[in-house]
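Respectively, the protein sequence lines represent chains A and B. Its first residue numbered 1, the first sequence is counted upward by one per residue in my numbering. Its first residue numbered 1, the second sequence is counted upward by one per residue in my numbering.
A few of these clues could be false.
Identical chains share a label here; the pair holds if one copy fits it or two copies do between them.
Under the rule of at most 25 Å between Cα atoms (straight-line distance), these lysine to any residue pairs were calculated in the SDA-like manner [claimed, not checked]:
1) K314 / T243
2) K245 / K357
3) K270 / H213
4) K357 / F322
5) K314 / T289
6) K186 / H427
Bear in mind the hints are in silico, worked out from the structure with no lab data behind them.
Protein chains: 2
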Amino acid sequence: MQQVLSFVESNKERYLAQLKELLAIPSVSSQSTHNADTRGCAEWVATEMRAIGMNNVQIFETPGHPIVYSEWMGAPGKPTVLFYGHYDVQPVDPLNLWTSPPFEATIRGDNLYARGSADDKGQIFIHFKSIEAYMKNQGKLPVNIKMLIEGEEEVGSANLDNFVKEHKELLKGDLVLISDSSMFAKGIPSVCYGLRGLAYMEVEVTGPNTDLHSGSFGGSLHNPIQALSEMIASLHDKNGKITVKGFYNDVRPLSNVERAAFKKLPWNDKKYAKGLGLKQLYGEKGFTTLERLWARPTLECNGIWGGYTGEGAKTVLPAKAFAKISMRIVPDQDSTKIARLFENHMKKIAPKTVQVKVTALHGGEPAITPIKSPGVQAAVAALEKGFGKKPLYQREGGSIPIVVQFKKLLGLDTVLLGFGLPDENAHAPNEYINLDNFFGGIRTSVHFYNELPKYWKNK
Amino acid sequence: MQQVLSFVESNKERYLAQLKELLAIPSVSSQSTHNADTRGCAEWVATEMRAIGMNNVQIFETPGHPIVYSEWMGAPGKPTVLFYGHYDVQPVDPLNLWTSPPFEATIRGDNLYARGSADDKGQIFIHFKSIEAYMKNQGKLPVNIKMLIEGEEEVGSANLDNFVKEHKELLKGDLVLISDSSMFAKGIPSVCYGLRGLAYMEVEVTGPNTDLHSGSFGGSLHNPIQALSEMIASLHDKNGKITVKGFYNDVRPLSNVERAAFKKLPWNDKKYAKGLGLKQLYGEKGFTTLERLWARPTLECNGIWGGYTGEGAKTVLPAKAFAKISMRIVPDQDSTKIARLFENHMKKIAPKTVQVKVTALHGGEPAITPIKSPGVQAAVAALEKGFGKKPLYQREGGSIPIVVQFKKLLGLDTVLLGFGLPDENAHAPNEYINLDNFFGGIRTSVHFYNELPKYWKNK
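Next comes chain A alone, as it looks inside the complex (with noise of 0.2 Å):
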């Protein structure tokens, strides 16, 4: 191990070097323009690969951008990781926000500037050098591994889904490991270990049957946009509970374990209340903001419309009100089950005196990897000792699909092992990746894989 880690130590310069070339590369997805760019960077990531040591490297073709794949099983007997990450890039418009060029890599401070520096070729590159380290200097990795890079995550990896149903033999492996996303803030490593999961509706509410003149019809009949406004005011008690009937059957209670690991992150309401230029923040009772934003369900309008909404005054009675609402889900509640209730439950407080249509737009799974298991207790282990500092624990309130698809499709647990910072600008002008947490990450991912047969075996 000593090896390895002064070879990293050794390689700092080359490391910066090699990244700038990939940073270089603008495979912006969601562009035609750069299908050629993204189709480089795919060969760039094959080459890298392949140099690095990875055997059987393969640029799988899609209907859209390619998917490169690689793998060491040299590790009999060992677990194998199959790690997941991806190439492209968001666009960098507004162009002229940005302070250095987005494909121009430049270090200021600590931080290296350009697009994919943290989201998300920064943090693949951070994996390849981990493993670089490890054949150069044993020739042998301590984990069996399989690396899964795709191109079209920036533009919601349309082609994926079909990719890992038809390739569930080669991508068999023990966990998924993905470093996609940010430590809880600088200085504070953190795991994060669930996500939540969602069912987003739309409501239509129907009161007469076209617009009328609020004039000539208002007081007779029943506004659909104050029915619906109604029927949501309704959907919160005073608790801040939602009132939707069996909404919280299914929830798994925070466990004492997770209570407490949530109170030593360092969190100020008063300050995140102020950065949101808010006065007061607003929440389920007899929950933390942190508990209510990780482990507890919400429900949330999306988008509100019905009526006149232009300049000035228009004296409509509208036939019709809208709203998109969606539920954050959390473990065990099930995306189906959740969007089926509250169907049920606006049907039920609907008034007589206008009718409701709901419908079902959208929904994904909650996912949670155990703190117990071996791949979290790993991952603390590394990131430990490649920060000095004992990791924190944490969940994300927002959704990663492909981590409810691996789940389903290959019925493996992620570890979120995130590098970025919150504020990395990570879709917006000035991404970087802090350059502490970037050779931080190097040594993590090096203790990861020597970490995670010793967990492994006591699992």
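With the hints as your guide, set chain B onto chain A.
Positioned in the frame of chain A, the structure of chain B alone reads:
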């Protein structure tokens, strides 16, 4: 009188021929390609006024379309009627939905179809013909008449206010007469003696200082759409009463005479609801539908918007949500006071988790011409004689701004003597005037000018 009425009876064919001439002029005030037609129509009106014996006929230029004025002041000691109407018409699109060409008046069944037949050329023409009948047979009128026919009613009467302000002496009179509305129903002549006013507001609710990801932030703060919905939901209590503090303080209660008058009108809640596609009506408890529509103030959401309103799902937790909310007000409420009460109320009920901004967009006062006033009583007597049927009393839920302006600028009450029908398609294809109403209208107009001095004397 018999002579005058016989003249009307024997000139029906000529009336229709002349009306067709007026209706053939495409005086669409909103379309500049019709500017010459609109001016031509003003000239047609002026020529007609001269022909029927009106004096001092003048075409007043305005920054928009001209105003036509004339007078007959040969009845000293008798009341002076200021008759208001408009010679401009709505556009005709979609043309393909017209059964016969909009500017070629065509009789089908009992109706004459053409743009402007009811709104308002047909109705001003009714008064031209009753004046003509008096002048041709008696050489004089029973009252003094001033006629003010504008060409911008369909585009908001932008230049009328200034004209009235600048010609207060010229327009001096005792009451305003307008025939630009509808009877309660076919075969049911009615006098409209009251209009509601308006206080139109915009509400802006701000939560966080930027749009947020509903996964990463949902559960920690008050969604402004939810907050706005909660505020809107609270504006009516379970009896349909408006909860804005002080809102009902200045509402003049319905008199027993009025409630009894409304009850005489043929009305069926079930039929009304069915026509609007509703299973159940809604409104303030303790009042009939017509009372709620005409004589009770209301609060309606005219528009609402916030967050994502496009196709599909976007997981945004928006920074802002907006609503347009208007209140129809009744005598003796005041639009400025109501706007202030609303603003105060919204700020009072706003939760601390959001900020609320309220803007008054538009206001107008309610109007009422007492049932016992000579103008209304003369209209009742005239309708009974003109249609052979006792007319009923009604009010109107909407506002007619010019009525409020005549009261404000000239101190005059208005009598609304409408000969249209509720389904006349005034702003739609296949506008028509019913021929019984047209000829009944001419007889009623003849009687009105004859009856008015009698009631005026007893004032």
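These are the hints, each one checked on the structure:
1. When the C-alpha separation of K314 and T243 is checked against a cutoff of 25 Å, the pair qualifies only between copies, where the shortest distance is 23 Å, while the shortest distance within a copy is 35 Å.
2. Only within a single protomer do K245 and K357 lie at most 25 Å apart by alpha-carbon distance; the minimum there is 18 Å, versus 34 Å between protomers.
3. Within a single copy, K270 and H213 get their C-alpha atoms only as close as 46 Å, which misses the 25 Å cut-off; across copies the closest is 20 Å, which meets it.
4. Proximity of K357 to F322 under the C-alpha cut-off of 25 Å is found in both arrangements, the shortest distances being 10 Å within a copy and 23 Å between copies.
5. In this homomeric assembly, K314 and T289 come within 25 Å of each other (Cα to Cα) only across copies, at 23 Å, whereas the closest approach inside a single copy is 41 Å.
6. Proximity of K186 to H427 under the C-alpha cut-off of 25 Å is restricted to the intra-copy arrangement: shortest distance 19 Å within a copy versus 65 Å between copies.
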